[in-house]
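Chemist: Here are the chains, one letter per residue:
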Amino acid sequence: MAKDINEAFLRLTGFEENEIAEYLPQWRQACEKLGLTEDDVKFATEERLPAYFAVELEGIRKLLGCFVKETIDLTKANEYKERGVKVVYGILPAILHYYYALKLTAPDKVYVSFPDIFLTMVMNGFFHKLAPYLEEVEKAGIPYGCRHCALNKTRYAARRLGVIPPPDISWIWGFICDEGPKTDEFICLYHDPEWKTYITRLPHDQSLGTVEDEVIDRVEYLANQMRDGFESVQKEIGIKVPEEKITEVIGIWQRYAAKLAELARLMTADPQPLGAVSGRLFWEGLFTPFNTGMESMEEALDITIREVKQRVAGKEGLLPEGAPKLMIYSIHPTVPWIAKMFEDNGVGIPLSEFFILTKKQLTSPTFEDPYMAAAEGWLRTSGMVNPGYQAEQICEKLETHKFDGMVFGLMDFDRWLGSSHRLLARMVEEKTKLPVFYIEGDNWDDRDYSEEALRTRIESICEIMKMRKA
Amino acid sequence: MDILEELAQIARTRPEKLKKQKGKGVKIVGYVGRFVPEELIHASGAVPYLMCRGGEPEPPDAVIPYMLRFMSPYARSQIGYHLLGIDPVVPMLDLIVAQCSDCHESRLADLLEYFKLPTVRLGVPPDWKKSLSRGYYQKRLTWLREKLEVLTGDKISDEKLKKSIEFINHTRDLLSRINLLRKKQPPPIGGYDIIRLNHYSFYCDLEKLLPKLNDLYEQLQKGKSPFSREAPRILLAGHVVGMGDYVVPKLIEDSGGVVVAEFLDEGMRQCAWNVKTDGDLMNNLGETYYLLRTPPSIFQPAWEERVKIIKKLIRDFNIDGVIWYELSFEEIYDLECSIISKAMDEVNMPFLKLESSYEYSREAAGPLTTRVESFIESVKQRRS
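Keeping their order, the protein sequence lines are chains A and B.
Going left to right, the first sequence walks through residues 1 to 470 as our numbering numbers them.
Going left to right, the second sequence walks through residues 1001 to 1384 as our numbering numbers them.
In case anyone wonders, no lab produced these hints; they're calculated from the structure.
Watch out, some of these pointers could steer you wrong.
Stated by the list, open to error - For lysine to aspartate or glutamate, the following DMTMM-like pairs were computed, each having C-alpha atoms within a straight-line distance of at most 25 Å:
id: 1; chain 1: B; residue 1: K1116; chain 2: A; residue 2: E392
id: 2; chain 1: B; residue 1: K1130; chain 2: A; residue 2: E194
id: 3; chain 1: A; residue 1: K139; chain 2: B; residue 2: E1346
id: 4; chain 1: B; residue 1: K1139; chain 2: B; residue 2: D1154
id: 5; chain 1: B; residue 1: K1353; chain 2: A; residue 2: D228
id: 6; chain 1: B; residue 1: K1342; chain 2: A; residue 2: E231
id: 7; chain 1: B; residue 1: K1129; chain 2: A; residue 2: D168
id: 8; chain 1: B; residue 1: K1129; chain 2: A; residue 2: D228
id: 9; chain 1: A; residue 1: K139; chain 2: B; residue 2: D1345
id: 10; chain 1: A; residue 1: K139; chain 2: B; residue 2: E1304
id: 11; chain 1: B; residue 1: K1139; chain 2: A; residue 2: E231
Given these sequences and hints, build the entire structure.
Modeler: Below is the structure:
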């Protein structure tokens, strides 16, 4: 059974027949390291993935495969380190250009990862088995009651459990929350003195409504912070990255972003051609570096776009034509039943606000200097700026994609991204007059907010939307 | 303790006083956080007013329709009283300077602006070891100075700033001398009074405050301690004891202990660090406020250094036990608590974590009292 179920899992996640022989032993080793049993793999293969992901599409199967390959790779990080490969971590959200630029410069000498993202996505999204990781750290210094972020807990747990080695450098960004970077300080002092960190931060001190990417002082400060951080990382690991590598990565990123914009347009077709969770995983490519590279992700995206176009042309959808559609702040494949519950109740939530781009984000940067360009791009991103500017961007996205309303929340664990949602809801509702909802919940960890706990809230929202649309 | 009562009375009647001053055209500037130099506000001719209320559950709850509920009750309180319509000062403020060193403070600033309160933000980068960050804070101080000058219409001359720095240095010196009296066993004054004294010192005119602090020092030096010689000596650590949030320090002392030292980031004057009065005064302010004083928990790196400081306090003040006073959902302090708890365990120092959402109803206070009493009792037994 073991061989069959693991083979079946790899086949379901888009591995070609000629790849399976190579990857099967690696996958089994990865399972052992991650604490996954044959029953877990069976559950993912026969229940979880078919229930929440459009595995009938080749593009989606290949997309899932990219995450599986990256997770296998992650479980080899200890071996990489032993072989002298430099290990560089980061956390979400960060600009991944620098991590990729390292990889492009010295592909065999550096390993880059945001390990918590892949572990969380795969362990909870595919197997619904993140709880042992979270529980591991809840008894070791990060208590349950304070609503700490599951990503930070997972990073710490992965180190405690030996899944990942200490990094040569963890370049930690505190442009959003405080807990992300402070967790690294915590890991170093509480558990592993080898856990080396470099921190880059930006104060949240802009007035409501400030168009931050047009405040030159701010763009410059951020660019200098990034330059300083990246130079420190290069110095630490002894790899010198030419600036043209950053520019090259920006080009790749923009090409991928443009394709995602096309997928976003297709996802909002009527009827909605693809479930929110399936599409959402592609957006991870904009914010999280894959040590295994972007090529497979891009290939999966190309195939998916082609397949979804066919569905749109054939008016094939998972909801009836004319069904209400809501934009949601962020839907995470880690808790895939949330999106499915909306869809099962006749309301689409095809896109996550956090990940779709405004018109301004799709325009070329004003600056040639790669750091200035990256800083400007960052300050054009809705989640990174003050709520006044963020609300303007949300309103633009609602208008562009003709949404019927918006859902905020599900970010209880984040004292930055999640803490403004009630205020944003008011701002957006005042401006657009569209119905705006707030759901208290946690997109990474569904131990507290189970399906049954949220069902009434989601069903009520759906009923309201259907009545309004009728 | 008549002097303390006099100061308490001045603090209580502060809103009426401010109203009168405002009527005469004096600008009132509220500020949130320890990185806003009151010296600058004072030198601009405006009256500084520290916003640091806490200790009641209703004000933070009033903010929930606008903010995630898993946010600091202290940050939420700073606007919560206003939203309930029971803050006599906030509506009359001509300017609020909101320190933005962490998410809780920045979200507070968002709400202050959303409710059309005249707010400016003072960005404080937590990556404080970098010259870039130091430069950022310094630049923001200069920007704040200009804002204050525009507000009051008065230029902040070096002479005015120097006078203001000297006054506040003097205040710190006096508070520091009073504080150091607590090295005695038993101490002539406990933490409950010291914390209130710090709070009152933010709400009195400096000209009136200084002689009173002087008198208090003289009185304490000569007077008899109200504490028993056997009272366990407690270090109270954490983020902040807000103005009005006195349940825990009082409970410790009512339970037979005495708070002889505090390790709190906000709501206390950082008395050990005076601002230099020669050379570039703005630079001196930036250096003292940003670099020299104990780094707050949010700074990075900070915790290793903070553990060393706590250990030094333990030695200097002959501490018998540490009580960590944490406000609910303050995630950074919650992480730090584990670090400090581990460090205390390594040196065999009794440690108690208390957590509060400012819920001090009879039902909530019961278990809290039991925990504090048991801790004091166990520390007492350990000493004997």
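Chemist: Now, for every hint given, state plainly whether the structure supports it.
Modeler: Going through the hints against the structure:
Using a Cα cut-off of 25 Å, the hinted pair K1116 (chain B) and E392 (chain A) holds, with the two alpha carbons roughly 18 Å apart. With a C-alpha separation of about 22 Å, the suggested pairing of K1130 (chain B) with E194 (chain A) holds against the 25 Å cut-off. Proximity of K139 (chain A) to E1346 (chain B) is assessed by CA-CA distance (about 18 Å); at most 25 Å being required, the pair is judged to hold. As the CA atoms of K1139 (chain B) and D1154 (chain B) are separated by approximately 20 Å, the hinted pair is consistent with the 25 Å bound.
Taken as a hint, the K1353 (chain B) and D228 (chain A) pair is broken in the structure, with Cα atoms around 38 Å apart against an allowance of 25 Å. As the CA atoms of K1342 (chain B) and E231 (chain A) are separated by approximately 34 Å, the hinted pair breaks the 25 Å bound. About 20 Å separates the Cα atoms of K1129 (chain B) and D168 (chain A), which keeps this hinted pair within 25 Å; it holds. For the suggested pair K1129 (chain B) and D228 (chain A), the alpha carbons sit about 13 Å apart, so the restraint of at most 25 Å is met.
Restraint check: the Cα-Cα separation between K139 (chain A) and D1345 (chain B) comes to about 16 Å, which is no more than 25 Å; the hinted pair holds. Taken as a hint, the K139 (chain A) and E1304 (chain B) pair is honoured in the structure, with Cα atoms around 22 Å apart against an allowance of 25 Å. The hinted pair formed by K1139 (chain B) and E231 (chain A) meets the criterion: a straight-line CA distance of about 24 Å does not exceed 25 Å.
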